[in-house]
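Student: Below are the chains, spelled out letter by letter.
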Amino acid sequence: MIKHARTAVKFFVYGLIVGLLFSPGSGEENRKKLLDWAGGSIKSMTE
Amino acid sequence: MAKKSNGTRAMVVGTMLGLVAGAAYALWKTPMSGKELRGKLSAAATDATGGVAAAGSGLSDKVMHAVETTLAPIVGVELGKTANGTQPDETGPITVAESNGAAYGTTSIRGQRFAWGTPAPEAIKSEPTTPPVEPVQPAEPVPAAAEYGTTSIRSQRFAWGTPAPEAAVTPQTPEAAPVEPVAKVEAPEVPAAATTTIRAQRSGWSSSAAEPVANATASEPLAVKVEETVEVPVAVASNGMHPFPKLGGLE
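Here the protein sequences come in this chain order: P and C. Residue numbers for the first sequence follow this note's numbering, beginning at 855 and rising by one. Residue numbers for the second sequence follow this note's numbering, beginning at 2 and rising by one.
Treat each hint with caution, since some may be false.
[Stated by the list, open to error] Calculated lysine to any residue pairs in the SDA-like style (CA-CA distance at most 20 Å, straight line): (1) C/LYS41 - P/GLY879; (2) C/LYS30 - P/LYS857; (3) P/LYS864 - C/LYS30; (4) C/LYS36 - P/ASN884; (5) P/LYS857 - C/GLY8; (6) P/LYS857 - C/LEU18; (7) C/LYS30 - P/SER898; (8) P/LYS864 - C/TYR26; (9) P/LYS886 - C/GLY8; (10) P/LYS864 - C/LYS36; (11) P/LYS887 - P/SER898; (12) P/LYS857 - C/GLU79; (13) P/LYS864 - C/LEU20; (14) C/LYS36 - P/SER898.
Bear in mind the hints are in silico, worked out from the structure with no lab data behind them. Quick caveat, the model's predicted, so the values are computed rather than measured.
Given these sequences and hints, build the entire structure.
Tutor: Written out as structure tokens, the structure reads:
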């Protein structure tokens with residue numbers, strides 16, 4: 855179990871590095887884009 | 002078999018969850034875009050490698066210096082000197098001229114010309130290798146016994162020779178004060194062992210206007226020390242010229 859947790863943490867760090875290096879914008883821009891996309895999707899689904 | 006399969010699945014799920022969670026967190030919190038971050042990282046890496054290269058270069062210089070200083074006495078080489086004792090880029094065209102016993106010339110050392118020796122007045126006129134040297138301009142009407150003049154070397158004027166006493170004493174500027182006569186002090190009689198001390202201080206020409214002082218002879222017994230200063234106004238010095246040192250080559 856501990857071995858699995860260590861693997862998960864290791865890949866969490868890998869994901870963190872990849873996300874930082876290939877982020878399309880800053881965190882604030884990404885959050886805004888994500889919220890806009892989510893809001894538009896929900897709105898389109900409800901209509 | 003099932004237990005092993007469960008372990009593998011858990012590992013794969015953990016890996017994927019960790020990867021996605023890490024990427025999501027990075028995208029949520031990243032301060033700049035990935036492009037900017039990569040540019041900053043590459044610039045920092047370049048600076049770091051440049052600094053390491055510079056440090057390595059300095060280290061190699063120190064190592065080479067230590068090797069040279071260690072091996073030089075072993076192989077019989079004296080550091081800082083060539084085989085014939087000259088610097089590689091030191092020598093230049095040397096011009097030598099001799100006239101009337103005066104040796105002089107110019108030497109180029111590392112692109113800069115230096116004049117050496119004491120040129121005779123006639124030789125300066127015919128010196129073709131030193132363009133800055135202008136022909137000798139004889140000063141005002143020169144007395145027959147006087148051999149002096151001015152020379153312009155690199156826009157600076159020098160006086161040479163020894164003027165006649167009359168020419169040196171005669172003030173050219175109206176403000177120049179005339180030469181004060183020597184003050185004589187009458188001294189009481191003293192024993193014959195007494196001496197006379199006469200101190201004359203002059204500026205400018207080295208041998209002129211000594212006649213006022215010369216009328217006191219050492220054979221006259223005097224008890225009082227006579228100290229006086231004879232100031233000779235030199236006309237050439239008022240024009241900003243520097244007296245040339247009296248050398249044997251000019252005479």
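Student: Please verify whether C/LYS30 and P/LYS857 have alpha carbons no more than 20 Å apart.
Tutor: violated (28 Å)
Student: Between P/LYS857 and C/GLU79, does the CA-CA distance stay at or below 20 Å?
Tutor: With Cα atoms ~68 Å apart, P/LYS857 and C/GLU79 exceed 20 Å; violated.
Student: What's the verdict on C/LYS36 and P/SER898, does the C-alpha distance respect the 20 Å limit or exceed it?
Tutor: With a Cα-Cα distance of about 32 Å, the restraint between C/LYS36 and P/SER898 is violated, given a limit of 20 Å.
Student: So if I understand the rule, the pair passes when the alpha-carbon distance is 20 Å or less; does P/LYS887 with P/SER898 pass?
Tutor: The given pair, whose Cα atoms are some 16 Å apart, holds under the 20 Å limit.
Student: Between P/LYS864 and C/TYR26, does the CA-CA distance stay at or below 20 Å?
Tutor: holds (14 Å)
Student: Has the given pair, P/LYS886 with C/GLY8, been kept, meaning a C-alpha gap of at most 20 Å?
Tutor: It is violated: about 39 Å lies between the C-alpha atoms, which goes past 20 Å.
Student: For the pair we were handed, C/LYS36 and P/ASN884, check the Cα-Cα distance against 20 Å.
Tutor: Status holds; Cα separation ~14 Å.
Student: If you draw a straight line from the CA of C/LYS30 to the CA of P/SER898, is it 20 Å or shorter?
Tutor: violated (28 Å)
Student: Does the structure keep P/LYS864 and C/LEU20 at a Cα separation of 20 Å or less?
Tutor: OK: P/LYS864 and C/LEU20 at ~8 Å, within 20 Å.
Student: Tell me if the straight-line CA distance from C/LYS41 to P/GLY879 falls inside 20 Å.
Tutor: At roughly 15 Å apart (the allowed maximum being 20 Å), P/GLY879 and C/LYS41 satisfy the hint.
Student: Would you mind confirming whether the straight-line C-alpha gap from P/LYS857 to C/LEU18 stays at or under 20 Å?
Tutor: Holds - the C-alpha atoms of C/LEU18 and P/LYS857 are around 15 Å apart, at most 20 Å.
Student: When you check the alpha-carbon spacing of P/LYS864 and C/LYS36, does it fall within 20 Å?
Tutor: Violated - the C-alpha atoms of C/LYS36 and P/LYS864 are around 24 Å apart, more than 20 Å.
Checked against the numbered hints given earlier, this structure breaks hints 2, 7, 9, 10, 12, 14; the rest are met.
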